[in-house]
Structure formats: structure tokens, C-alpha cells
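Student: The chain contents come next:
Protein chains: 2
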Amino acid sequence: MIKILVDAMGGDNAPQATVAGAVLASRQDKELYIILTGRKDAVQAELDKHKYDKSRFEIVDCPDVIDMNDVPTEAVKKKGSSLIQGFWLLKKQDDINALVTAGSTGAMIAGGQLILGRIRGVKRPALCAAIPNSRGGVTLLNDCGANAECKIEMLCQFAILASAYAKAGFNIQNPKVGLLNNGAEEHKGDPLRQQTYQCLNKLNGINFAGNAEGRDIMLGDFDVVVADGFSGNVALKSMEGCGKLILGVMKKEFSSSLSSKIGYLFMRKAIKRMRGQLDFDKVGGALLLGLKKPVIKSHGSSKPETIANSIKNAATVHRNALIPAIEQLLEGSGLDQLSEIINVGE
Amino acid sequence: MIKILVDAMGGDNAPQATVAGAVLASRQDKELYIILTGRKDAVQAELDKHKYDKSRFEIVDCPDVIDMNDVPTEAVKKKGSSLIQGFWLLKKQDDINALVTAGSTGAMIAGGQLILGRIRGVKRPALCAAIPNSRGGVTLLNDCGANAECKIEMLCQFAILASAYAKAGFNIQNPKVGLLNNGAEEHKGDPLRQQTYQCLNKLNGINFAGNAEGRDIMLGDFDVVVADGFSGNVALKSMEGCGKLILGVMKKEFSSSLSSKIGYLFMRKAIKRMRGQLDFDKVGGALLLGLKKPVIKSHGSSKPETIANSIKNAATVHRNALIPAIEQLLEGSGLDQLSEIINVGE
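Going down the list, the protein sequences come from chains A and B. Here the first sequence stands for residues 1 to 346, where the numbers follow our numbering. Here the second sequence stands for residues 1 to 346, where the numbers follow our numbering.
The set of hints was computed from the structure by calculation and includes no laboratory data. One should not assume that every hint holds.
With a Cα cut of at most 27 Å, we get these calculated BS3-like pairs of lysine-lysine [to be verified]:
hint	chain 1	residue 1	chain 2	residue 2
1	A	Lys261	B	Lys261
2	A	Lys269	A	Lys244
3	A	Lys188	B	Lys261
Between the sequences and the hints, there should be enough to build the whole structure, so can you do that?
Tutor: Below, the structure is given as C-alpha cells:
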């Protein structure tokens with residue numbers, strides 16, 4: 001049995017979408033046991049709208065909700081909130097395996113660090129998004145927003161964390177790692193990038209393949225792209241914006257004339273397949289890597305399918321032993337022996 | 001008469017595309033006088049393929065060509081090359097108004113700074129790209145690659161430079177300026193962003209509207225988005241990659257079945273309009289802002305139409321007196337009185 005906590009009150013469409021998503025996931029995977037944190041009455045009312053296996057669901061009553069305007073460090077103190085209560089349960093109960101939330105990213109990162117805690121040796125947790133790529137798979141972008149300022153050692157650890165995730169989450173053997181930079185050549189970028197390049201080149205167990213440009217996230221042959229949380233966030237949101245603009249223009253143009261509308265009827269299936277391939281949410285959320293258990297951030301506007309995908313993702317990385325894999329990769333990486341480069345750079 | 005220098009040997013398709021583009025531009029704008037720099041025989045041979053107005057064309061023979069592998073500071077010394085010779089002519093001859101190249105970006109930036117020179121008071125030139133947005137217009141992203149490391153004063157100047165360009169190049173009155181950041185709220189980002197936010201807020205003559213996220217470049221209502229050259233470059237290339245991926249998937253899907261192919265026939269016009277709206281090259285190149293005369297970088301893979309658009313863009317900003325507008329905006333900005341914020345931050 002895999003026990004997964006779902007923050008039932010997190011996200012724009014909670015608790016409807018979160019509960020519906022949890023029920024959906026439980027139907028797809030009979031090993032799942034779901035613990036919903038939230039206002040008991042509201043959550044139960046949503047559950048009652050569905051046919052669900054009562055022996056695999058549990059509600060933990062949490063009267064509080066974290067507001068998107070709460071400062072993360074204050075939010076962490078709201079022990080009665082669905083998210084923070086979830087983190088305490090995750091920390092204290094060994095048999096709970098993972099947490100999924102569509103709530104505040106800041107509160108999640110703070111709760112993850114301050115309550116659940118980091119894997120031994122990890123400097124900072126990083127938010128890792130799975131982005132659809134031209135090969136029909138995904139490219140992991142790590143960090144995409146947890147750490148605006150980064151140091152060499154952090155970027156190297158991001159490479160290790162995401163490499164383990166690529167294997168445990170997507171069955172990618174020997175994942176190719178790129179360093180997000182403003183050009184492909186070795187000397188490119190600021191001193192942080194130049195020194196991180198040297199360090200990544202020397203790490204054991206990491207298949208470092210050089211610098212990645214922004215376009216390589218979706219078009220290149222990297223499985224992992226390492227970034228500081230600032231430029232990673234800019235990249236992620238720039239791609240999302242571009243995707244939305246194109247799909248919006250497409251929608252407008254495809255209904256702009258009778259001829260287009262007729263054409264659309266013939267192309268419906270192709271357009272649906274296309275949207276499927278380009279769906280940023282298909283993987284289900286960004287994984288906050290580096291914590292003692294898997295914690296997944298689902299999009300704030302998550303629909304039931306998105307939540308279900310996030311739960312599925314959590315179950316997959318637990319099954320494939322992501323956390324022990326990270327510990328092992330970290331220990332064998334030799335990162336601690338690279339202090340010469342790291343200390344000069346910092 | 002507007003005299004524009006065109007680096008006939010720059011870019012993947014030179015000199016065919018550059019010469020054809022110059023001829024195209026000269027037909028669209030009868031005021032243009034084009035000076036082509038490059039290997040005389042090769043350039044003349046290309047010119048002879050077209051019907052062109054001999055009284056408005058001139059070739060300056062340049063035996064050398066800058067290789068894309070040349071280090072910029074070395075490339076600048078190649079005085080006999082089409083690009084560097086162009087910069088010397090631009091500097092020495094008052095009646096030459098602008099330069100267009102599809103060659104090496106690094107060599108262009110080096111040549112611009114070391115040969116042509118900056119406008120008085122400008123710390124560093126910045127590369128400003130015009131990106132198609134959801135309003136059917138463009139958002140100017142400045143800097144998108146000239147300066148990997150930036151300081152507060154530079155970012156503030158980038159806002160001033162691009163605001164002047166928005167008016168002179170695109171007739172946008174009172175352009176809305178955003179600061180590229182990892183969130184919309186005022187406190188977001190690293191210290192550089194936080195302090196630049198305060199500075200931009202106090203600048204005269206700049207319509208600063210707060211932080212812009214990556215998605216706001218294409219979807220938001222900003223006319224100018226200010227970025228350091230590292231994250232600006234990441235954003236630009238991430239959007240390009242996303243656009244290319246979607247158009248690629250679309251192409252594949254639209255020919256995937258008989259039904260799709262029939263649909264495509266009905267939608268041809270809509271798809272063409274769509275591609276037109278999303279064309280990153282329609283504006284014609286990125287402007288290297290902050291130099292004494294307009295210098296435009298056209299895409300390395302520029303076709304004749306792209307080169308013609310870049311030449312047209314150069315003519316437009318010259319006609320609308322971009323350089324004096326920058327000088328005026330810079331002088332009236334009060335940036336030099338913000339040394340308190342700037343010195344604390346740097």
C-alpha cells in the first residue's frame with residue numbers, strides 16, 4: 001500500500017478538483033491509500049459526490065487554510081492548515097509516503113525545509129518541472145523557482161537530484177544533463193556558470209553533456225537541464241506564455257471563417273493529439289527535490305486530471321525508491337572533493 | 001536620403017540573402033541608399049541577379065570575412081572584414097545612418113563598443129529583441145544577450161533605451177515597462193531585482209509598471225521588459241524553442257492522415273495568418289541599443305525578407321530620431337541622482 005497525503009484545500013479549484021482528482025487516482029491505482037487534509041465537512045461533501053473505495057480514503061480535519069497572500073514563513077506557523085498539518089503528518093508517520101499540493105509554492109517550500117527536512121547533505125531543495133519536448137518525452141528543468149540565488153555546489157546538487165528523478169520517475173537510464181546558459185560553448189555565461197561547468201564535468205555518476213540554451217529545453221536532446229531558480233523560472237514561464245499564445249491564436253484563427261471551421265472538423269483528432277503532446281500538466285506537477293520524502297506541487301489551477309497525474313507521479317517515484325537513489329548518487333558523486341573549485345568560486 | 005550599411009557577408013545565407021534583401025528593401029523605400037560591404041566580385045554577381053537601381057547601391061570591397069568561431073576581441077581587429085570595415089565607415093562618415101548585419105553577435109557587440117562607441121553616459125549597449133505578443137504587437141525584451149552580468153544602473157538604462165526605441169520604432173507612446181522577475185510581487189527576486197525595482201520606480205520619463213514574469217513577455221500588457229542579458233537570453237531562446245516545437249508538431253499532425261490533409265486545405269489561410277502573427281523575424285532583427293548610431297543584428301539564418309525587414313527597421317528608427325531621443329530621455333531620467341540606491345546595491 002502507498003499512502004499519499006493530498007492537500008484537499010490547495011489550489012484555485014479546491015476542494016472539488018483535489019477530491020475528484022484523488023478519487024480518479026485511486027481508481028487507476030488500487031495500491032493507493034489517500035489521506036485528504038482539509039475542512040472535514042467540505043471534503044466529505046465532495047467525496048460523497050463520487051463513488052469511492054471507503055477503505056482507502058481518510059480525512060484529517062484541518063480548520064485553517066493558507067491564503068496565497070500569506071508570507072511563507074508565517075504560513076508555516078499555521079499548524080491547523082491543510083498544508084502544514086500535512087507536512088507534520090508526513091514527517092511524523094513513517095508509513096506516509098508522499099504529499100501532493102496545489103496550494104502556495106512558497107508555503108510548500110518553507111514547510112518542506114522547516115518541517116519535513118532535507119536529505120542529509122542537500123543544501124537546498126529545488127523545484128523540478130517536467131517539460132514536454134520534441135522527442136515526445138520530457139525534459140526536467142531543475143530548479144524552476146525555489147532558489148532565486150544559487151551557488152556552484154547547489155547547481156551541482158540540482159544535477160544530481162534531477163538525474164535520480166529522471167531514472168525513478170521516467171525510467172531514463174543515464175540521463176543527459178545540460179547546464180542552462182546563454183550559449184553552447186564552454187566559456188559562455190557568468191563566473192557561476194563557468195565554474196559550475198567545470199564542477200559538473202568532474203562529478204561521478206552524472207552524464208554531463210555541456211551547456212544547454214533556452215531552446216534546448218524543448219528541442220534539444222537533454223533529459224535534465226540545470227538552472228538557478230531565477231532563470232529556470234523565467235524559462236518555464238516564458239515557454240508557458242508562448243504555448244498559451246500560440247494555442248490562443250490557433251483557437252481564434254480556427255474559428256475565424258466558415259472554411260476554417262470546416263477544416264477544424266477534419267483536423268479535430270490531430271489537434272487533440274497535438275494539445276496532448278504539448279500539455280505542460282500531463283506529467284502532473286513539479287517535484288520539490290531534496291526533501292526526505294517526495295513532495296509534489298500541482299499547478300494552482302489544477303483540474304481533477306492534473307491532481308490525479310500528480311498523485312500518480314508521487315506513487316511512481318516512491319515505488320522506484322527515488323529518495324534512496326538520491327542519497328546514493330549524492331554520496332558517490334565526489335562533490336565534496338571538488339571544494340577547490342567551489343571555494344574559489346564562492 | 002538614408003544611407004544604410006549592409007554587411008553582405010554576414011549570416012548563413014550570405015551573400016545571396018543579404019544582397020537580395022537589400023534589393024528588396026530598396027524597392028520598398030525609395031529614400032534608401034545601400035552600401036554593401038563584402039567581396040566585391042561575389043556581391044556584384046549577386047546584385048546582377050536582380051533588377052536594381054544602380055544609383056542607390058554601392059559596394060565597398062572587403063577581402064576578409066569574420067568566422068563564427070573567431071573570438072569577438074580578435075574579430076574586431078580584422079579591419080578588412082565586411083563587418084569591421086562597416087563599423088569603421090559608420091564611425092567616420094557622418095552621412096551613413098545605420099548598419100545591418102546577420103553575422104556574429106559577439107563581433108557586432110565588440111565592434112559597436114570598440115569602434116563606433118556608446119552614447120555619452122551609456123554604461124553598456126544592450127541587445128533588444130522585438131517579440132510578437134498576444135495583442136498583435138511586439139514586446140521589446142532588453143537585454144537579450146549582450147551582458148551576462150548586470151548592475152542596477154545598467155538595468156535602469158536598459159529601460160530607458162528600450163522606451164525610446166518603443167516610441168521611435170513602433171510608435172508606442174508612454175510604453176509600459178516591466179522588470180523580468182520570478183514573480184509579480186514587489187519583493188520578488190534577488191537583491192539586484194529588488195533594488196532595480198526601487199530605482200525604476202523613481203526614474204523620470206519611464207512608465208514603470210512593476211515586475212513581469214516570463215509569461216508576460218508574450219501574454220502581458222508590457223511594451224518593454226527589462227532583463228539582464230543572461231535571463232533575457234534564456235527567455236528569448238526558450239520562447240523560440242517552444243514556438244518551433246509547436247509549429248513542428250502542428251506540421252507533423254496536419255499531414256498525419258487523409259482527414260487532416262483535407263482539413264489543412266480548408267485552413268491554409270488561417271494557418272498562414274497564424275504563422276504571420278507568431279513570426280519572430282517579422283520585425284527584422286534585434287537592435288543593439290546605446291551606440292552612437294543604430295546597429296541591427298538580423299538572425300544568422302536570415303532570408304531576404306528578414307534582411308529587408310531589418311533594413312526597414314533601421315530606416316524607421318533613423319527617421320524617428322532614435323539616438324537624440326535616447327540622449328534626451330537619459331538626460332532627463334534623473335538616474336544619476338539615484339546613486340544612493342545604486343551604490344548600496346553594488
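Student: What hints, given by number in increasing order, does this structure fail?
Tutor: When the structure is compared with the hints, only number 3 turns out to be violated.
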